[in-house]
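Given the coordinates of chain A, assemble chain B onto it according to the supplied hints.
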Amino acid sequence: MKIRLDGREVHVEGRKTLLQVAREQGVFLPTLCEHPRLEPFGGCRMCLVEIKSGKGFAPACSTWAEEGQDVTTNSPQIADLRKNILALILCEHPSACLICEEKDKCDDLKSTIRKAGEVTGCVLCGNNGRCRLQDLVRSVGFNALEFRAVYRNFEVRRDDPFFDRNYNLCILCGRCVRICQEVRGASVISFVGRGLTTSIAAPFDGKLLDSGCRFCGACVDSCPTGALMERAVRYEPPPDRIAPVVCPLCSQGCKLEVGFRGDRPMASHPAENGPVNRGQACVLGRFAVRDAVTTPARVLEPLVRTESGLVPASWDEALRLTAAKLGGLGKGETAFRASSQLPVEDLYLFLKIFRKGLDAVAVAPAGEGASLGTAREAARKHRLDLSLNFDLGELSRAGAFLVLGTDLATAHPMIWLEVLAAVRKGASLVVAHTGQVTFDRYASPCVGWAPGGEGVWLQALTARLSGKPGGRPAGEGNRVSPADVEAAAKALSGKGPIIILAGSEVFRRPRGETNFEILWNLALAIDAHLVPLGDEINERARDEFDRAIPGPTRGWDKIVSGIRERKIRALFLAGSAPDLSGTRPEFLVCQTPYLDGNALHADIVLPSATFVESGGTFVNVAGRIQTFSPGLEPRGESRPDWRILSELAAKLGFRSWEVAGPDALRREIAGACPAFGSSFGGPTPARFLLEPKAGIRRPVPVVETPAPPVRPAEFPFALEKVSGTTDYRGFDLRCAAGGLKRIRDPRRIFLNAGDASAAGIEEGMEIAMESASGRASGTARIAGGLPAGTAEASAEIRDSLSDGASGPGILFVTIRRKS
Amino acid sequence: MPELRHPNQVREWRERIRSSRPAYQKTVVISSGTCGQASGSLHVIEAFESEIAKRKLGESIRIQVTGCHGFCELEPNILIHPDGLFYKKVEPDQVPRIVEMTLLEDRIIPSLVAADIVNGIKYPFQKDIPFYQRQKRWLTELNFLIDPTSIEDYIEQDGYEALARVLSGMSAEDVIAEIKASGLRGRGGAGFPTGMKWALIRSSVSEHKHIVCNADEGDPGAYMNRSLLEGNPHRVIEGMIIGAFAIGGTSQGFIYVRREYPLAVKHLTRALEAAREAGLLGDSILGTDFGFDIRVVQGAGAFVSGEETSLMASIEGKRAFPRQRPPYPSEKGLWGRPTNINNAETWSNVPLIIRRGVDWFTGTGTAKSKGTKIFSLVGKVNNTGLVEVPMGTSLREIVFEIGGGIKDGKRFKAVQTGGPSGGCVPAEMMDLPIDYDTLKKVGSIMGSGGMIVMDEDTCMVDVARYFLKFTQEESCGKCVPCRIGTRKMEEILIRITEGRGESEDLERLENLARTIQAGSLCGLGQTAPNPVLTTLRYFRSEYEAHIFARSCPAHVCKNLIAYVIDPDRCVGCLLCLKNCPTGAVEGQLKKPHSIHQDRCVKCGACYDVCPKEIRAVTKVTAREADKR
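As they're listed, the protein sequences go chains A and B.
The numbers in the working numbering rise by one with no breaks, and the one at position 766 of the first sequence is 766.
The numbers in the working numbering rise by one with no breaks, and the one at position 421 of the second sequence is 421.
For reference, chain A alone in the conformation it holds in the complex:
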């Protein structure tokens, strides 16, 4: 279609707003409430344009281009109108600094922000210099306060973690409200009041903490003013340098931009061009990265145990001692644990040294980490064409989702955003999970299946959808509600394309492989795309490396018994492990950024750099490969893991395994591991792992449907681990970022409302739990979304009830209120 834009004839393709057209044509239009990921709002009225033939002025952001329109974006009247509207905005916003005669001098002379309780002007505002409103004033022009200024005198809300809300600075563009609703699906804040007292608030004007807020920070990032300010950097000037990193804290691999002043990391923001996250992040990526780097828990020099405890040593000494001990041990006498959160390069070198060089035993990833491997193994066994790669953008075009065994919004936040986008466009969403499901309000139905009962449930759904009876019939005996199965089947019928997102719960159960087979058959029956989701970053890479450098892997229980029997004499830890104080091996090395937990008991502590300082490659749950350079010199004497390992290799006598850097490692990986071939070796690096198309698509026989385990009468509750990790390489980030502890208090025990009232338990009560092998206590929280008979607690609590290493089985406990 053709329109006229400022007298020029412009060709417009597809459905576009006038704002989009203007931008394409390089015509600047001022905007405040507009946001690329949000639906047009039309509240700030800054982008008003004049449409001849139309009714006067219209906002370009919410007016669609139509054939033959004659649009003027700038005329004396429009300029006047914009200036007047801006003047109105500014009389409600502390703007004295904008018209101050000494403004220019002030900018030159004042390099820091004065700490002030009340912000009365730009120089007292934490957003000074990065404020959209300031930019806009500059572009539209404004030089006098025509109207009486109003200070609305809202109380500044400082009662939540991470950021303050000062609505005296708010211009009510609604971006925070809309991003919380439209993009994040949380809807925890809303416009309240009307007229002059219109404001933004959490329910009942309370704390965000009580509102269901996930503290993803999307509101803060979308705020065009300083109304929402991250507390940690509030009184800091803008960073002088920004470095992109990939966040390894969950499975998604969000691209973040970390700001620095000198060598001090500041806030981390989600990158707009992040292929996974597109300008979004979660609480970890947005608010925990800085603390992960700067926490006092960092270990900044190598430590060696002497009679007087752990004492600083030189790198040379620490590595020499390590090499001497490990080099002297025989096959299988060393065990090692390498965190998936290590960059791919470092992970590879780790496996190479320990498996090829030292014949060591790998410690199997605990619990969740095993999920993807189970699916992959099952697929390989049956030679199935299971593709694990997917593009997140594909999700938002789906017609229906079956989300199984995961709290998507917590475990895979960016995948959730794409699912939500599809649901908002009309896709149906069926969720089945043992634990709490965040945003269960979007799912219909949202089924709480009995722990271990997922196989029967899936079998029943498959039977219903394929029309072929099979498995155990739905019914009371199998704890499968026929109504749930029917509702799920209805929601999935006639909607395409269907995507099955299968989380770790499905595969980590004792019969995970069978579950996979059932799911495979279900996907075939309804022509759905089956996507097994691993819970950790680099799980896909680890799987590839395990095949490239094979070696024995043992679960924690085996390792622990090995240590007790002195078959395993040395343990090299670069990742999380249960507390080893009771079963300390003969020689314990911890390669970690943090002096914490097991490192305190180690013989040697090798301080590694965090991901911000080391750079490297991460492969996310969808197989996407992202590499970044170090953003910062390693703090103190800490070193990137590859460098520590390279020198250890040299000291062990593997001279040829010394590497110059990650580049060299990537070249080596390209040769050793075909999945990375085209990414690390090719001229134009591929962005995804390579998946050979080999398998076939046909149903597989399911030997036996695993029945839900029988609940022992004396332990009536199944205890699950609450979703959402705060672990970085074995260190609990809650210890570094206090706000995380407030959001995800490790003492919380979640209970179904019915179970709680039956036990006389109320929200906030101290409760005690007991299992066959331990006791624990915590604070009761009533969770609506939990199925009856299931409770959720942190890994700490669960571990203390399950004999240290919590296996993949189902843990049964009693729960009672503390007297």
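In case anyone wonders, no lab produced these hints; they're calculated from the structure.
Where hints are given, some of them may not hold.
Selected chain B positions facing chain A (Cβ under 7 Å, derived; list incomplete) [said to hold, decoys possible]:
(1) ARG14
(2) ILE17
(3) SER20
(4) VAL442
(5) GLY477
(6) GLY485
(7) LYS488
Covered, in the sense of this in silico footprint (three residues per stretch, anywhere, with C-beta under 8 Å from a C-beta of chain B), are these stretches of chain A [what the hints assert, rightly or not]:
(8) 82-90
(9) 761-773
Don't be surprised by glycine CBs; every beta carbon is placed ideally from N, CA and C.
Below, chain B alone, put in the same frame as chain A:
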């Protein structure tokens, strides 16, 4: 109640109802809308019921409780049929006497007869009262005749006959053609041709469409829709069913009514239930394969909810924020589906047009505005109430002939039409025939029909300030020009009325008004400056007097006036002296008093207590007081 399974059965039912009504000798009709109830009609009803029961007259006398009769000034009023005797302001303790004298002995009680305030002429019969005589009560007629909670009453008065006619052979196109030909225009304010709107939505391709009745009616002092919903809910429902049939593809309608109208909600809900039971709503209306139902949605009383896009947001369960149009509701309305929104008065017109025909309808009104319009006539007029007049009736007729002129013989100054979004029409334009287009021409709007009469004691700057205060408080807060701009205008107006006006203020007001009109998102903001612009247009000198002479010609703005005592009229009765809260009045018995201006807080107590026949205390402008 029968379940009707064929259009013909409506007529059969009506005939059955008519033939089965017992022949009463007398019928007492009690006006009991919200205003009637507020004036005590429920006690009157109770009194009549107990009196009739006591005297065992139930066989011969019928008590009929109806909606509002419109003459608010004389509520609670009753009608006694067959003669149509009209009794005003009936008190419960007068009831036994009414029963005794009027119902049994056919004697008129003179003290209860309405009289013309100006000339004292008494009008015992309703048909003779000028307030009613000059009206053309098409839509409000049944408010005299039916019990709104009884579907039989409505059926008896040809109710649902139009629907029966539509469903016995008319095509949707026929219906739309009728409405188009009638020239009916939306009574919500903008006056968009109803038939054209229907045709537009009929032609839009969508699996689902919706129909909405806008009965939010947020204008202060306006209650046209309330009266229709309270007094005759079935006609609105019938209109909507016909509309649904004409538009097609719609199975769900909504009536959006404010929660502050509990009686309307109650009557509507009961009417919907009855209509459903009678087979007039539901899957198979009158046995045809046309199905439609209506849900009542209650608003929380935000003015902006009357704006159609915010109304839809509210129905969807969201905050009542308006959104940019286009797309209009006819393209993307409720849940993104084409939606037809008309207000209650518009819907009420539909069955009448179908039943009585286009010619009948177009015979009344002006060239471009057909039919009648209900106005709520309030303010400084003798006969306040709800009046229904043909389009094109002049202001003079409404204010002086129907309204009985200005209270206390004061001078007529202006009328505000269209509520806070409208403007004022000065007395000079008294002979203006009122319709959509003439009102627009003079800078005001028809709006939904609010009509506030102002007399010489009304300060136009103060009136403008009042309306701006209202729109400012009711601004939803979404767009900047409306939220902040109206507040800024109000600030300037406050300043002017307090005598602190600046010489540039008028220019500032006009500049702000332009910004708000051009820049606001929805109709609420776009029309908010109208009261200021029209008063500036017609009463600029009053603004100038406030600003430059620091004087309020109408003696309203406190800071600009003084109370003085005319020594020639004062008889020294000490009344004002005793009532003055600050001891500002000085004087002795039987000697002229005076007011100490330094101590006076201008509360007006002296002015109010000074006997009418003396009128020694007067208001003067501050400047005049200085001169003395």
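Now for the hints, and whether the structure bears them out:
no. : hint    : result
1   : ARG14   : violated, 46 Å
2   : ILE17   : violated, 47 Å
3   : SER20   : violated, 50 Å
4   : VAL442  : violated, 21 Å
5   : GLY477  : holds, 3 Å
6   : GLY485  : holds, 6 Å
7   : LYS488  : holds, 5 Å
8   : 82-90   : holds (count 4)
9   : 761-773 : violated (count 0)
Checked against the numbered hints given earlier, this structure breaks hints 1, 2, 3, 4 and 9; the rest are met.
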